[in-house]
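Asks: So you can see what is in the structure, the chains are spelled out below.
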Amino acid sequence: MTALVALVSSELRQRRLLLAASALLGLFALAAPLLPSLPAGQPGELLAATALALLAIWTPLLALAAGATALAGEMADRRLGFYLARPLSTWKIWAGKMAAAALLPLLAGALVLLPAALAGAPFAALFEGAFGGSSLLAPGLAAAAVVALVAFAHAAAIALRSRRAWLLLDLAALAVGAVLVAEGVRVLRHAFVPDAVTAGASALTALAVVALLAAGALAVHRGRGDLAAAHRTLSLALWPAVLAGALGFLLFARWVVAAPIDSLELPRVRTPHGRASWVVVGGQAAHRFGYRPLFLFDAATGRSVRIGLEWFSWPAFAADGSRAVWLAQPQERSQEVRSLDLTRADAHPRRTPIAPAGWPQWMELSPRGERLALLQRDRLLLYGVADGRLLAAVRLAPSSERRLTFLDEDRVRLVEKQARAKRFAVSDLALGGRLEPRGRFEAPEGVRWGVSPLGTASS
Amino acid sequence: MAAIELRDLGVRYGRRTALAEVSLAVPEREVCAVLGRNGAGKTSLVRCLLGQQRPSAGEVRLLGEDPWRARARLMDRVGVVPEVPDAPPGLSARELSTLLRRVHRRWDDAAVRARLERFDVPLGQPFGRLSRGQKTLVQLALALGHEPELLVLDDPTLGLDALARRAVLEELVGELADRGVTVLLTTHDLAGVERIANRVAVLRDGRLLLAEELEPLKERYRGRAASPLDVVPLTLEEIFLSLHETAAEVPA
Amino acid sequence: MPLLRIDPADPRPIWRQIEEGVQNLVAARRLAPGDPVPSVRDLARELQVNPGTVAKAYQRLVDGGILAVRRGEGTYVADALPKPTDGQRTQRLDEGAARYAGVAATLGATRGEAVERLRQAWTTLERGS
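Chains as they are written, first to last, in the working numbering: chain Z, 43 to 501; chain U, 9 to 260; chain Y, 32 to 160.
None of these hints come from the bench; they were simulated from the model. Here a beta-carbon is modelled for each residue, glycine too, at the ideal position from N, C-alpha and C. Some clues are possibly wrong.
[Unchecked claim] One-sided excerpt, in silico: chain U residues whose CB lies under 7 Å from chain Y: (1) 31; (2) 33; (3) 36; (4) 177; (5) 178; (6) 181; (7) 184; (8) 185; (9) 196; (10) 204; (11) 242.
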């Protein structure tokens with residue numbers, strides 16, 4: 043222990059000039075409110091902000107520099123022999139150097155803040171409400187970030203300064219890891235589970251920092267004076283852990299979006315108008331970071347099919363119960379219509395050729411499930427489900443208050459509430475035809491309304 | 009028991025062979041000089057010996073232990089003077105001694121200071137700003153502070169002026185007389201080392217040409233003269249040079 | 032002991048150079064019986080040779096009766112110097128004479144000149160300067 047303390051203090055002693063520079067930098071912050079070009083008023087907050095800005099630049103710089111020079115530089119310059127020729131274990135040498143490299147930016151940070159704090163800068167006020175109101179969380183996070191930076195700089199410096207082809211392997215592994223993580227993030231973003239992204243990324247970052255520290259220590263232990271051997275050890279220790287972590291993140295993402303139907307908490311169940319035994323079940327999956335999937339569930343057989351997100355993919359059913367279609371989002375910016383044959387027990391969701399350009403406001407399936415009516419903001423479209431052929435299209439005035447229903451296989455009824463009026467207009471669209479007005483009626487303001495399968499509006 | 013024992017030591021860097029099949033034993037209290045030109049493998053040998061590098065082949069025993077595994081423990085019994093001074097440049101000799109006092113189990117701070125004063129090295133000046141000779145003298149004083157049983161010196165007189173070289177050799181002789189340390193040193197300074205070494209090893213291109221006691225070796229060279237006009241090597245330097253001539257053979 | 036010099040190029044081993052050097056100093060009375068000689072450590076330091084080498088030379092000198100060790104005090108020139116055996120004496124006289132004759136002949140000295148120089152050296156030695 044004495045040896046470790048001696049090592050740390052001698053390291054800090056060697057860098058005392060940097061600490062002195064930090065103290066000067068802190069004094070410089072005191073002068074900031076006196077500068078004429080800065081806005082007057084609230085000099086306290088200006089002082090605090092200046093000191094924190096200096097801290098935010100100075101501390102990471104020091105952490106990177108200290109981490110990069112602490113051991114890798116000495117190994118490259120063959121100066122590590124001084125410590126290796128003494129009764130110090132490699133772990134102790136590593137721990138002493140790393141601790142000093144982490145302490146230096148932290149001490150420097152404290153020195154930068156000290157003059158402003160003594161002058162009464164309201165640091166606490168700047169963070170009010172942030173970090174859950176805990177006064178220890180901000181310094182704790184800063185310390186963790188410094189350790190992470192030091193560990194990263196140490197490993198990067200070993201890899202860069204050894205000047206070996208292993209660096210290419212490192213970059214390849216880094217690329218593979220980045221691809222795995224990006225895929226995991228894509229999966230989670232696509233399923234709209236930001237909490238899972240945060241949780242997974244935090245765990246992955248923590249794992250990466252631990253792996254960097256462990257691999258750096260191992261590199262010093264096995265490499266000693268030989269930077270090339272250190273680099274090899276580092277890569278062999280680091281990448282399996284990091285890549286396993288990245289793969290774990292991807293598997294975690296897939297696990298989140300693979301929540302089964304029985305994991306739903308307080309599921310919302312909706313029975314379709316059709317005659318099939320299928321119901322729609324949606325809700326928040328338990329322990330899946332807020333993921334809200336949507337399922338089609340066959341009450342007769344107990345089979346469930348995941349069809350998308352609860353608030354996005356509510357399906358339309360054919361009145362005879364033979365088919366359900368819904369809007370899926372295979373990519374972030376594109377939609378497609380998928381369909382499921384409800385009459386066959388072994389049917390799987392299929393992509394239909396229908397690819398709507400915009401986001402439909404309303405979607406309705408014909409009684410036998412052969413046609414699909416899509417209501418967009420400014421048009422009404424009628425498709426054949428099997429071949430995706432556009433059977434009719436009419437342009438509409440932009441409005442959001444519209445409902446649809448199929449009167450039979452070939453006719454759609456559209457009910458519109460006219461803007462800023464209590465009046466409703468009813469019109470029909472037949473295959474290949476135009477929109478034919480069918481009548482108007484009035485209803486009191488503020489009613490909730492829908493359209494029955496027979497085409498009558500109800501409130 | 010031999011203080012140093014190398015058995016079939018081999019070191020490779022990728023495809024380049026730095027050392028191959030080097031076997032060497034140095035008994036306790038002996039002074040062994042390892043001679044070789046630059047790149048002959050002297051530094052690799054020293055680094056393996058000190059547990060700073062893992063041999064690619066063979067076995068190393070330092071005071072009876074494997075230095076790669078037991079390095080930290082062994083270094084309380086071994087003093088090292090490196091080829092290139094490697095003490096932290098920002099610390100003064102006084103600060104270095106203070107640091108090492110807390111690192112070693114025993115440390116004679118007073119003796120280190122007395123030595124440095126004898127060497128005329130300023131105690132308060134940062135190591136990085138000392139002259140080359142002063143740096144080596146500081147490293148020597150720091151290598152002796154824990155009274156090691158074994159001293160390993162990697163070309164200790166390289167780049168030193170006559171005065172500093174004399175100081176280094178005198179200090180070594182003093183340690184030999186007072187405490188009976190074992191010494192392994194690599195060197196270019198053949199004349200200087202000839203007087204204190206009683207054993208030599210010669211490396212050429214990573215291979216050991218010979219390793220034996222100095223006196224019998226010289227005796228054999230002398231006995232080789234066939235006629236009074238034959239030129240036979242008489243000094244270590246001449247033996248070393250003759251070994252590096254083509255087709256030179258060590259007399260049996 | 033300023034007259035003792037070591038030459039690595041001398042074909043004799045270093046311990047032999049020290050042994051013979053001390054013998055010569057004693058023979059020339061530069062070291063008188065009872066005089067202290069430097070410790071092994073000091074002489075080794077002075078000559079920058081391995082102390083073991085000095086110790087070996089001293090041991091042979093003690094064995095030959097030229098030096099004596101007084102326990103706890105140090106090493107001295109023996110009070111009663113041994114007479115070398117006739118054979119040893121003749122051999123070493125002959126060796127020295129041959130060496131000198133060789134040097135003198137190489138330098139082109141005449142026999143008379145060489146003998147005269149020897150006589151002068153002898154006188155100098157006796158005067159002890």
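Asks: A separate judgement is required for each hint: does it hold in the structure or not?
Replies: Here is how each hint holds up against the structure:
| no. | hint | in the structure |
| --- | --- | --- |
| 1 | 31 | violated, 24 Å |
| 2 | 33 | violated, 17 Å |
| 3 | 36 | violated, 12 Å |
| 4 | 177 | holds, 5 Å |
| 5 | 178 | holds, 5 Å |
| 6 | 181 | holds, 5 Å |
| 7 | 184 | holds, 5 Å |
| 8 | 185 | holds, 4 Å |
| 9 | 196 | violated, 15 Å |
| 10 | 204 | holds, 4 Å |
| 11 | 242 | holds, 5 Å |
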